[in-house]
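Those protein sequence lines, which keep their order, are chains A and B. First residue of the first sequence? That's 1083 in this note's numbering, and the numbers climb one at a time after it. First residue of the second sequence? That's 259 in this note's numbering, and the numbers climb one at a time after it.
Please keep in mind that the hints were generated in silico from the structure rather than gathered at the bench. Each residue gets a CB set at the ideal place from its N, CA and C atoms; glycine is no exception. There's no promise every hint is true.
Unchecked claim - Sample of chain A residues with no beta-carbon within 12 Å of chain B, all distances over it, derived:
{"no.": "1", "residue": "1099"}
{"no.": "2", "residue": "1198"}
{"no.": "3", "residue": "1295"}
What the hints assert, rightly or not - Covered stretches of chain B, going by a simulated chain A footprint (3 or more residues, C-beta under 8 Å):
{"no.": "4", "region": "298-305"}
{"no.": "5", "region": "309-317"}
{"no.": "6", "region": "427-433"}
{"no.": "7", "region": "493-500"}
{"no.": "8", "region": "570-578"}
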Amino acid sequence: MGPGFCVIGVERVGEDSFRSVRPVPPRENAWRNTFRYRRGSVVQFDPAPTSAARPHIEDQITRGLSSRGGCLTEVELVDFLRRAEISVGLDGLFECELHTDTSGGNAWVAPDSAARSICGCQYKNVRFRVFEDPGRVRLRAKLVLPSGETLNSLPVVDREWRNLLYAFMKEHSNPRVPSDFESFLNRSIRPQLMKAPHGFARIGLARAKPNEEKCWLMLDSLFPQPNVSWLSSP
Amino acid sequence: MSPPLNQEESQALEIARKCVASKLTSSVLPGDVDDLVETGVLDSMGWVDTLICIESATSIRDFGNPWPDDRTKSIGALADMIREVQKQAVQEKAGELRRAGTQGELEISIEGWGYTLGSLVVNAEQIERDMALPLHRIRDGAGIQSVRVAADDEDELALGQSAADIALEMAEVPVERIDFLVATSTTVLGFPSFAASLHSRLLLRETSGALDVGGACAGLIYSLAVAKSLLRTRPQGVALVVASEVHSRRLSAPQVPGEFRGLFGDGACAFILINAANTVQNGCVRLQEFVWGCSGTFASSLGIKISENGGLSIQFRGEQLAHAAVTELDRIIGALENLSAKPRSEVEYFALHQPNPRVVEILAEKAKIPLERIPLVSKACGNLGSVTCGASLCQALTSLRMSGDHSRTPLIFMAAVAPGLLWGGAFLN
Chain A
1083 MGPGFCVIGV ERVGEDSFRS VRPVPPRENA WRNTFRYRRG SVVQFDPAPT SAARPHIEDQ
1143 ITRGLSSRGG CLTEVELVDF LRRAEISVGL DGLFECELHT DTSGGNAWVA PDSAARSICG
1203 CQYKNVRFRV FEDPGRVRLR AKLVLPSGET LNSLPVVDRE WRNLLYAFMK EHSNPRVPSD
1263 FESFLNRSIR PQLMKAPHGF ARIGLARAKP NEEKCWLMLD SLFPQPNVSW LSSP
Chain B
259 MSPPLNQEES QALEIARKCV ASKLTSSVLP GDVDDLVETG VLDSMGWVDT LICIESATSI
319 RDFGNPWPDD RTKSIGALAD MIREVQKQAV QEKAGELRRA GTQGELEISI EGWGYTLGSL
379 VVNAEQIERD MALPLHRIRD GAGIQSVRVA ADDEDELALG QSAADIALEM AEVPVERIDF
439 LVATSTTVLG FPSFAASLHS RLLLRETSGA LDVGGACAGL IYSLAVAKSL LRTRPQGVAL
499 VVASEVHSRR LSAPQVPGEF RGLFGDGACA FILINAANTV QNGCVRLQEF VWGCSGTFAS
559 SLGIKISENG GLSIQFRGEQ LAHAAVTELD RIIGALENLS AKPRSEVEYF ALHQPNPRVV
619 EILAEKAKIP LERIPLVSKA CGNLGSVTCG ASLCQALTSL RMSGDHSRTP LIFMAAVAPG
679 LLWGGAFLN
């Protein structure tokens, strides 16, 4: 990861199939705060020669992005994502061995072994945990996949979910914010996620840190997307 | 030179070192007093992972969250906190056991409950048509108006999850607090077992136990008894008991007789049990004593076997089974009268297994109990197997809560019979 936005979209590769593509600016892995588009935007990119390295094979250096007009609704977007890379279990996520022997923490893969760095999945259950760290609050999620396998302690890097956290922190300035937010997510928001017909998650791989041959899993997108208006719901 | 460490200090330090080491990219472990974040050894993600690692290794819930501002983020500080929390837990447990010892046996209360039914409603006429049964066999013969059937996207896990969510919400218990899951399902075959699968589905703590209990239609009562026993070993613990059945798929084989298959519906129920001393809600019902047994005399009235080709072979003697059920349920009620030292006339609700509504009517007449004191599940839902008496209990508990009268202690009898003829009962007040 790093500062800026990691942006990923899907492009058509067959009549009813899509693949993920990650347009990246030249010489960087993320878009700075000037990124003008939002989730679901239909954009065209101007590709430049790219030699993407495993597992981030979706990287595509891009000279520029331009709007093709329009923006997909959340339901439409999930419909497209379901026709891209998808897995029902842990093995299929990155088509490699997933290392989960991390004492209840997150899982990782060896960079060279993973066939890709993003994959979608349905989820059968989701729960959140919020950790307080001086200066920042960390949001993690647990997911159950259709296979019955679980992913524990996925760092939530989805911008909208993080914005919800920041909005909550802004509204509530007491020392119990992390536990209050965790309780709010699990008791008020989780039931809405479980009921939604377009419940879907996209799991991504972080870039390996220098001297660490590990790509840690993260929760790139979680649908339904949150809405700040949820904070005012009773 | 620092003094030698005692065993607790060494163990705590070892756990802290191991967990920090597992997050390091280099093999060089920092000193015990070095601040792991300020020195850049761990970033904040790594620090959170370290806390989770310790939580997992020690079963200390929410370890170090939030981390006190006045403490460094060092291995030594982590070890100190492990020892402090463990010491506090030991003191609390000792106090709890002392209190339990002076007050007699631990009392277990039902803090939350809920049930879910298959979302499709199939009426009696449809069942009779689908199974080529004589007209009115299900509606008039068995007294069933409709059965609830699981939709394509519903199975034992989905229904069990839904019922558990309702019970957890009612009890206001976060899922991380569950120490034991005791689960029963007759219709789930194979491994991972129902309890293990449900444990994962509910995202329970990895250090909470999961146990399957058999007993078919009596499985819920046996599960409640097991959960109560487990809680005696952990007075601060919380147990989740779940029963879930999807008969519509298990009994869908063509060789299963329609007059048997047509009686069953799909559903799940769940209960949260805790030490009554820890309860925060008024008017909670306590799970008291149990009776159980097995009457081989009636063993041949119902038999279900998985045949060599994987199909089901069913031996079903309807009239004999109905007679056996009425006889045994009446006997259980008698045993519960003795155990509770209360006559059945003082019982507010009878949460019973209901093979079908007609059997319940006959039982009510024979046992001289008013029909309105039996929350009737099977009339609109069918026989839900182990879930039947659980759904009936949920209805009784909800009625009591709705009445808002916490001044008196309501008495509830539970009773169920299963192939064998296995039987079980319990009283609650």
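Unsatisfied constraints (hint numbers, rising): 3, 7, 8
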